[in-house]
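Place chains B, C and D on chain A using the hints.
Number of protein chains: 4
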Amino acid sequence: MQRLVKADNLVYTCSPFHPPKMTVKPGETFQVETELTSGQWLQELGDDPDTRERGFPYVNPATGPVYIDGAKPGDALVVHIEAIDLADIGYTQIVPGKNPFPNWIRETEWGHQYKVVRIADGFVHWSETIKIPVAPMIGVIGVAPEIEAISNADNGVHGGNLDIQEVTAGNRVLLPVRVEGALLHVGDVHAVQGDGELCCAGGIETRSALTLRVELIAAPQAMTWPRIETADHLLAIGCARPLDDAFRIAVQELVLWMEADYGFSQPEALMLLGQVAEARCTQFVNPKFTYVCKIKKRYLSQ
Amino acid sequence: MQRLVKADNLVYTCSPFHPPKMTVKPGETFQVETELTSGQWLQELGDDPDTRERGFPYVNPATGPVYIDGAKPGDALVVHIEAIDLADIGYTQIVPGKNPFPNWIRETEWGHQYKVVRIADGFVHWSETIKIPVAPMIGVIGVAPEIEAISNADNGVHGGNLDIQEVTAGNRVLLPVRVEGALLHVGDVHAVQGDGELCCAGGIETRSALTLRVELIAAPQAMTWPRIETADHLLAIGCARPLDDAFRIAVQELVLWMEADYGFSQPEALMLLGQVAEARCTQFVNPKFTYVCKIKKRYLSQ
Amino acid sequence: MQRLVKADNLVYTCSPFHPPKMTVKPGETFQVETELTSGQWLQELGDDPDTRERGFPYVNPATGPVYIDGAKPGDALVVHIEAIDLADIGYTQIVPGKNPFPNWIRETEWGHQYKVVRIADGFVHWSETIKIPVAPMIGVIGVAPEIEAISNADNGVHGGNLDIQEVTAGNRVLLPVRVEGALLHVGDVHAVQGDGELCCAGGIETRSALTLRVELIAAPQAMTWPRIETADHLLAIGCARPLDDAFRIAVQELVLWMEADYGFSQPEALMLLGQVAEARCTQFVNPKFTYVCKIKKRYLSQ
Amino acid sequence: MQRLVKADNLVYTCSPFHPPKMTVKPGETFQVETELTSGQWLQELGDDPDTRERGFPYVNPATGPVYIDGAKPGDALVVHIEAIDLADIGYTQIVPGKNPFPNWIRETEWGHQYKVVRIADGFVHWSETIKIPVAPMIGVIGVAPEIEAISNADNGVHGGNLDIQEVTAGNRVLLPVRVEGALLHVGDVHAVQGDGELCCAGGIETRSALTLRVELIAAPQAMTWPRIETADHLLAIGCARPLDDAFRIAVQELVLWMEADYGFSQPEALMLLGQVAEARCTQFVNPKFTYVCKIKKRYLSQ
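Chains as they are written, first to last, in my numbering: chain A, 61 to 362; chain B, 61 to 362; chain C, 61 to 362; chain D, 61 to 362.
Just so you know, the hints here were simulated from the structure itself, not pulled from any lab data. Each hint should be verified, as a subset may be incorrect.
Taking lysine-lysine pairs in the BS3-like style, the calculated list, with each CA pair at most 27 angstroms apart, reads [as the list claims (entries may be wrong)]:
#1 191(A) x 66(B)
#2 356(D) x 356(C)
#3 175(B) x 191(A)
#4 175(D) x 357(C)
Extracted from the complex, chain A is given alone in its bound form (with noise of 0.2 angstroms):
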């Protein structure tokens, strides 16, 4: 199987411009190293953090790209996440001035918050009588753009800083290609996150080995912003700036899924997600919040 390491393979925009670094063929599982999205120093539980990071745009690192063989753009990418196998250890900070909360916290009060942690028998080990189950995840999970190199900080309809519990093993991501190869990379993974993400960085930041596979399919009459399936779900995306216009994006990308997909009109499907939309802020941190609608499988059979 192959693996692509860290080393030399870590970038910080998704871009055309970088240059392949694996290729991989539609059905082909793979393997990826990530990197901690920041606090590369961690190595130990005492270890302390180094605040000399480079700052931005030196943030987010992925790994990749990755060339998928065959991907062109009209095309969509499916990526069956099989296994996120993570470290042993991570950690969350609040970063000030950069969390949700402008009137509440700031470095000059609170000082550099943080907590490294032990992560093993599956629950982040979170204080003496306080565990955690971990959920895995990846945060940045992307593919280039035909033109622009947009920062791992960001995301938009390639994907990119999305940071959505969802992206679990067992389920499903399809994203747009928009060049020759896709150019997928993937990073920031986290051992559990809570909704909104709310300290900023944020979850459980660890470092992750990852098992991947990829399908080519054309991309979905309705598609505009990468999709998640799951057993039970489907689950629409927006991202945006304020919070309620990535809540109308995700409602809306799920209204046109269902109109294709499922035969529903609009406001038939508008009406059931009245009565059963499934929707929450996943990320509260990032240039562009994350909002996510989701309906059950069972409710799509008219």
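Chains B, C and D only, in chain A's frame:
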């Protein structure tokens, strides 16, 4: 058991100027009947919506107010929801121009879109093939402000049109008392509601009989907005536009609650919420949107 | 000339529940005294601010209401502002946590920041070297809603805390009448105010004596929000959060006005405004922000 | 005098990856021709718009980049705008779904709305009766980011699609240099533009020849965003969504400027702006909106 009927007891504002319609004592269990938020015409499955409704400000009638013996400013009113008995018919409709999708849904294009449904056997009977389990909830629950009279269409620190699914049987709602007797009112019951109440009116609107019990306690130190407690969760609330501010308020309320009642420092509380917060917008259609932020009680024992 | 004094005539809500304090006839010129929005302690240049003010909801006192003989729902009340006579002292202050810069200005860091100034010879005497020409304006002007009682801190289609510099001598303000007698009230006069009223309270707050005259007309067909007419401009108003929605409302009101009264089609009106609109946020601190959109009358003759 | 023609020199991103097209020295005066932002089809008054334009990301072509001899990261590039020579024809159009009024203007209802106009004698000849004085301005002006390639549709701390009326002859624009040579590009000239650029494309779009001169200085200490200086004003800029954040950024930039260069404390600066700020949204249609905040230089001498 005392029971407040609908007739002559519907009000359209949360206001200190309404005369009390019933007086109850702390600890007493009582019942309140509620009317449909709109569509009072609805009696049978085949009924057509009467578009000649009175319109703003005569929307979202609530039943009350109920005078709570002994309630005074500085108290919190604890409302235990013992039961929500639903009618056997309900409806939902898309209100053009009042829904959260201004770019998309307008009367001139879609016409008046509504759906009348049967409620039976624990299900909303949506169509031949789609049945949705009922999850009854109270949309409007509030106490009188000190000198303002606030439309039932709106919400605020007094409660009002919150539209939160967790305002349901088995849970308790805390409301900050501003005037003698508190002047509680309730209405706008839904048989089920998706996140966002996306078509405006919105969930499955239906009539109900509520069984309630109230207590009085000193208002908790860090409480500004209403709170909900369930068997497993603390739930904090924020209402604002844009949605961003509603989310911020809900998180801040929860952090202050964790600090005051469970001994967390503010940074510790926020970092923990970064991993375990469960948060979402419950309604995205009222003058101020509602966001809730929850934490499982099992994470509160440091 | 009738004159409504401040004593016993200050109110904190725009409300149909206040008894009228004076009755005037259409065409009649009358005077109203106004109090400081906060800082009623202020008498001399050396006075210290009394931080023990009552706080919300007892903010932004207005003088009134004035009953307009013959006013009825469906009318528009035209208020001609004939003169604004300022006191010789005023002040401004930064209200921590209430200003538009939550990431920046908080009491714990800046302390209570205020400035008392002398008003004389047509100038605000800011410092030894800085003199600012006075530009007197009325911050609060409103009529009673139908069934709500709305805090003077807020604004809406009834007017209220608009904080628009063009509410000044020589101009006229149109307000939609909702109850018999209209129940006009006014207050919160500023000697001068920058765009945004950026420190919250905000302009140079001062006492005043207003000379007003009112007329009644049938409410213009396309009028939802208050309007202002100056010698040279039509000015439309929108109040909302976020600021985007306030701007949208103001533009839409102006397009509908140009359509109804000047024969433009909606696209023609919007394309012309694309070239000649003059628009800005006048206050950025109240519960709903105010945006105004203006067009020079000389562009209205197609 | 060097002159950069349009042919072969149009670019669609602000990017460090474009090869320089011309090199100039500080102090040198040079010319740059600019193309229409869209509607390159437009040649004569009777021309019909070609709706087969390429669409995103091929929008808002700028001419460049121009390499500035000696420019390096840490510098500020000062662009003196010496002249803007307009073509004799221009146009404006309403872009459905891209304008700021999502509830209102859509192609299906209004059709494609555009207007081609003659520019002569210092006026835009709008109709038989309406003539609008020209007020030429440069819509797109920017320098290359460090590692990103940002669409000309967007803007940011690098400049880009700012759409500010004060980017006009006689004024100077400061831009923070991020790469060697700065890589300046310009385009999107308007003969006149209303506040908000309300129909999207938006002002009177026209071709032009620009006469520019550049200087290099050390980047001012408190400068994050581009700045403009006019004969009478300092002008600070913020770009963001929602509009609220754009306004906040612009005010903060101006306060920091007043502190660093004119000796104000931050509270003094903000309180003075509370009285004399002149601020407005100049464009309300791009991915990030632009707000400007100005102060008259005569208020800067404490």
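Each hint, compared with the structure:
1. 191(A) x 66(B): violated, 49 angstroms
2. 356(D) x 356(C): Holds, at about 24 angstroms.
3. 175(B) x 191(A): violated, 46 angstroms
4. 175(D) x 357(C): holds, 21 angstroms
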